[in-house]
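Student: These protein sequences, in sequence, are chains A and B.
Read left to right, the first sequence gives residues 1 to 430 (this note's numbering).
Read left to right, the second sequence gives residues 1 to 220 (this note's numbering).
Just so you know, the hints here were simulated from the structure itself, not pulled from any lab data.
Only a predicted model underlies this, so the values are computations on that prediction, with no experimental measurement involved.
A virtual CB, placed ideally from N, CA and C, is assigned to each residue, including glycine.
Misleading hints may appear alongside valid ones.
Claimed, not checked - Derived pair list, reagent style BS3-like, types lysine-lysine, alpha-carbon separation capped at 30 Å:
#1 K151/A x K71/B
#2 K365/A x K241/A
#3 K124/A x K213/B
#4 K81/A x K71/B
#5 K207/B x K124/A
#6 K207/B x K77/A
#7 K198/A x K213/B
#8 K128/B x K124/A
#9 K283/A x K414/A
#10 K81/A x K79/B
#11 K365/A x K128/B
#12 K256/A x K207/B
#13 K241/A x K283/A
#14 K151/A x K128/B
Stated by the list, open to error - Sample of chain A residues at the chain B side, in silico, Cβ under 7 Å:
#15 G95
#16 Y149
#17 G152
#18 I326
#19 Q411
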Amino acid sequence: MAYPYVSDREVRVLSKYFGDPAQRRLDTYVERGGYQALKKAFEIGQDAVIDEVKTSGLRGRGGAGFPAGVKWSFMPKQPTKPHYLLCNADESEPGTFKDRELMRWDPHQLIEGILIASYAIRAKHAYIYCRGEFFEATQVLAKAVEDAYAKGYAGADIMGSGNDIDITVHVGAGAYICGEETGLMNSLEGRRGQPRVKPPFPAAVGAFGMPSTVNNVETLSAVPHIITHGGQWYRQWGTEKSPGTKLFCVSGHVNKPGNYELPLGFPLTELIEDVCGGMRDGKALKAVIPGGSSVPLLNAEECGRCNLDYEGVQAVGSMLGCASVIVMDEDTDIVKQVRRMVQFYAHESCGQCTPCREGTAWMTKVLLRIEEGRGTEEDLDTLLEMSRQMTGTTICVLSDSAAAPVVSSIQKFKDEYLALIRRGERVGVA
Amino acid sequence: MSEVPFKNPGWAGNTGEFDLDEDQVRGDDFVGTRPREGGHPSGAATYPYMLPEKHPDAPLFEGEHKERFDKILTRYPNKQAALLPTLGLAQEVRGHVSPETMDRVAELLELSPAYVRGVTTFYTMYNKRPVGRYLVQVCTNISCNLCGADDVMEAFLRYTDTEIGETSEDGEFTVVEAECLAACGFPTCVQINSRYYENVTPADVPKIIERLKAEGAGGD
Ligand SMILES: Cc1cc2nc3c(=O)[nH]c(=O)nc-3n(C[C@H](O)[C@H](O)[C@H](O)COP(=O)(O)O)c2cc1C
Ligand code: SF4
Ligand code: FES
C-alpha cells in the first residue's frame, strides 16, 4: 500500500521514502546512496561540516528554531572531557507526529545525521532519547543501529576512518517535560525529568556534567542531505531566514490530515485547501494552532495572511514551533479545547515552579467552571492575570505554553466564553 | 462526524487493519523483532514490551533479563543512568512496579530506595498497581479530541464495562486516558499494550475488544 499522505505540492527530501519499508534495510539504504554523506564528512573535517550546516541555515525543528550549525559551534573545539550528542526523540507536543514517522520509515537517515553531528561536535557517544510509548519506532531504530554496528557504520573505526562513535537507543517512561532539553538530560541520567536552571548551558555542562548538544530528530535527519549537496542547495527552498523544507503535521478538521513536507514559507491557506483537500464536510474555518499546543491560536482572518515560516507566523502573532498545524472548524468548542490543552499542561507540569504548578491546576478549574456554565466575567480577568504571572517567571517555558492558548483564545474568541457564562447565568447555575 | 478517508499504514507494516495480528501487520518487510536477550547492547534498553501475561511474583533479572540488564549497564557512564530502562525491564516481567520491585532495583543499582521511589512516581508509564491483560490508553488530547476521542473513550468504557483507571472484572482490560501519543493525524489514536491503533472510531471498538478477548482465550 502506497503511503497515502502525499500531495504534488510537496518537496520530499526527508520524507522521500515514507511508505517504503525496504528503506529500513541497511543494504537498500546504502544502494540508494546512504552513508556517503558520513564518508564525505570525515573527509572534509569537523569545521567544514559545521560551516556547511551554518550555510544551509538549518534551524532546529524541535520548536525553538535555533540554527543547528551555530549550536554545534558552541561545543569546545579541544575536548578535555567526553562530549555527548543527544537526539531528542521524545516527541510529545500535542499535534506533533513527524519524528515517529522519520524514525520508523527512514531510521538510517536519522542515524547518519546523528553520526555526522557527533563527529562535528567531537562526541564519541550519542544517545537517542526516545519517547517510551514508541515501542514500534524504537524497535525499528534499534534494529537499524544494530545493523549499522554490524556493517561498520557505528562503533569503533567507522568505515576505516579512525573515528569512533557509539550510539545508544534510550527510552523514556512517559513525561512530556523530558522533551525539554535539560529535563531530557536529567531523565537520561536516571533522575526525575525536571528542567535545570540555565546557565550553565548544555554545551558547557550537559549530560553527565559533560559538554552536550541536543537536537531534534527532524533536524538531524536533514543533515546528511545538506552534507551531500551543500548548504546552498538546501537554500533553494524556503525563505532567507527560514531555509529548507519542513514536515508539517496537519491534524483536526481537514479532509486529508497527515505529514506533508513543504518548503518553509508555504501559505497556510494553501496547505489547508490544496494539500489537505480542504475543510472536512465543507465547514468554515474557525481557528488554527500553527505550531503545536504551546503556541497562540490564530483566527480565520489571521490564517488568511499567514505564511508558514518562523518569521511569517510570528508576524501574525503566533509561532511556528514544530509546525504542528491543528485545524478547527466552525463547530469547534474553543473553550473546551483550550481547557483540554491546559489540563494537559497541568498534568505534565514537573512541579518545580510555583506559578506553573499552581497556575496550570487553577486555570484548569476555572476553565472547567466556565465550560459547565458556572463561570463569571471576572473569571476571564482572573485567567488573564494568572497568565501574566505564569509568563516569563519559571525555569522552563512550559508555563508560558500553558498560558498562550488561554490568552489568545480570550482575545480572539471572547464571545464564546461570554456565551457560556451568560447561558449559565440565565439558567441560574452560577 | 465524517469518516477519516485514509487508514494509516499502521504498526510497523503495510496495513493498519485491526483484525490482523502483530506478525501479519509487521509483514515480510519488518526488519525484525528484538531478540529476547537484548541483541546488540546499543538497543538493549529499547524494551520493554507491555505484555498481556504478567507474573507479579516472578523472579527479576534472571536468564535473558539478566543478560539484557548487563548489556544496559555497559552503555552508561554510571549505574544511576540505567534506572529507567531497569524499571522498564522489571515491569515487562511483572506488569507493574511494586514498592518491593523498586527496592530490588535500588539495591541492584546502589541507589537509595527513597530515591528510586521518587523517580518511579515521576513517570506515568510505570504502573504503580497491577493493570489488566490489556492496558488501553485512549488519547483524548486536542487533535484526537477534535475528531471525537471522547466518544471513542466512552465506547471503550462501555464495551469493557469499566471506569477510567479501573480494571474490568475479568481482569482483561484497564482503560485510561492518555495524553497526545504523537499520532495526531490519525485520530483517534489508542495504544493497547505495545501497539498503536490509529483512526479508531467508536464503531471499531467492539471489534477490537472481541479480537483481544479471542487472543486471550486462545492462550496467546
Ligand atoms: C516543555 C518543552 C517540551 C519540549 N519537547 C520537545 C520534544 O518533545 N522534542 C523536541 O525535539 N524538542 C522539544 N523541546 C525543545 C527542546 O528543549 C530543544 O529545544 C530541542 O530539542 C533542541 O533541538 P533542535 O535545536 O534541533 O530543535 C521542548 C521544549 C520544552 C520547553
Ligand atoms: S515551568 Fe513548569 S514544567 Fe517548567 S520547570 Fe517550572 S514547574 Fe517544571
Ligand atoms: S492528540 Fe491524539 S495523538 Fe496527538
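Student: Checked against the structure, which of the hints given earlier come out wrong?
Tutor: Hints 2, 3, 5, 6, 7, 8, 13, 14, 17, 19 are the ones this structure does not satisfy, whereas the remaining hints hold.
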